[in-house]
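When you get a sec, could you build the whole thing from the sequences and use the hints?
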Amino acid sequence: MLRKRKRGTVAMAFVVGEAWLTIAEVIMAARQSIQVNMLCQRPIHTHSSMSVAKLISSHVLEKESKKHMFSPKPFLLVQWPERLYQHFTVQRPPNLKLTDSGSVALLADAGFISREWRWDMLPSQTSCHFLLMKVTDYHEYYQALCDQHCPPDVIGFVPRPDNFVLSTAHIGVWPDIAAVQQAIHFATQFLTGHQPCST
Amino acid sequence: MLNLVRPHRHIQRQRRRLYVTGVCVLGFIGGIYFFITPPIPDPEPMPLPLVQSLPAATLNEKKVVAATSPDAINPCASAPLLQVQVRAVLLHSFPVHVRLSDDSGRLLMLTPGDVLPNTDWKLSAIQKNSLIWVHSHSGCQQQQPFMVEK
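So the sequences go chain by chain: A and B. Quick note on numbering: my numbering labels position 40 of the first sequence as 22, and the sequence is numbered without any gaps. Basically my numbering = 1-based index in the second sequence + 5.
Rather than coming from a laboratory, the hints here were simulated on the basis of the structure. Keep in mind that a hint or two might mislead.
Ranges of calculated distance between the beta carbons of each label pair, as one might list FRET restraints [said to hold, decoys possible]: (1) F52/A with H13/B: 27 to 37 Å; (2) D91/A with F33/B: 37 to 47 Å; (3) T42/B with A11/A: 51 to 61 Å; (4) E46/A with T42/B: 50 to 60 Å; (5) H15/B with R(-11)/A: 26 to 36 Å; (6) E46/A with G32/B: 20 to 30 Å; (7) T174/A with G27/B: 23 to 33 Å; (8) I16/B with E64/A: 22 to 32 Å; (9) S109/A with Q19/B: 17 to 27 Å; (10) S33/A with G27/B: 38 to 48 Å; (11) F33/B with S33/A: 25 to 35 Å; (12) N145/A with I16/B: 27 to 37 Å.
C-beta: ideal position from N, C-alpha, C; glycine also.
And the structure:
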């Protein structure tokens, strides 16, 4: 993503994680402002796809209602629970064609059928990153958000950084710092186009 | 950035379609321009009047005649050379006269009808930018141009 984002663009990243539903709101301006909220605990266990969508849309609408009329629409980035995704990295074959059939063949080599998965591939110099999600899951969550009139701009995935050691005794009480990091990474990556440092 | 809503291959496909439509539109406009607008006709040579070709023929004939028959002699061939220079032509005065200088540098003043002294050349007329001499013996007529200064 090389195109330059407009100044004052707002990216809202929702990370539906194991412990918290974390929201990072990053505004690109002369000074980057980051605001992190944690909406609800254990969203996987307490919410379905519909209610998560309602929660997200209500938060987005609340943020939008505070803006003045001509401010740009915030970009909505969503990361669903980690168990829905499949992600892996393969070695880039020397003569990779960046066409549909080339990447489908690469996916088939890895053992996935491209029809059953909603997937994206990001080729780099030495490797190809794949992100997959079951088509049924994808549409279930995407449609739930569309019903609430806030279709997401990005459904992506940022791997959870493992350099944060959580004290498991207080996991229900304390905020999940790794998820915060994830959400901020997710939003800034969208705004700046930089890859997060290897986590 | 990995994005499941708009995967990279969709973006690439969109971009490819955009380029293809752009090329098609350009080709369409070019096709209209080259095939539908009437072509500019090649500039044809202007039809020249027939007279143009005649002088060459007559010139050649004349040459041939002059070379073959000794009867038709150019009258100016036998006439001596006219060796005068025009110094001034007084067109505004009456009678109109010219001032000439010959080889030795003498100045002469002639009006139309006068004879150049010591020769058979007769000044027959003064035109706007030339003098017309007639040789009285051979009948040769010669035009001597002069520059009109403004």
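query: Of the numbered hints stated previously, which ones are contradicted by the structure, given in increasing order?
result: 6 and 11
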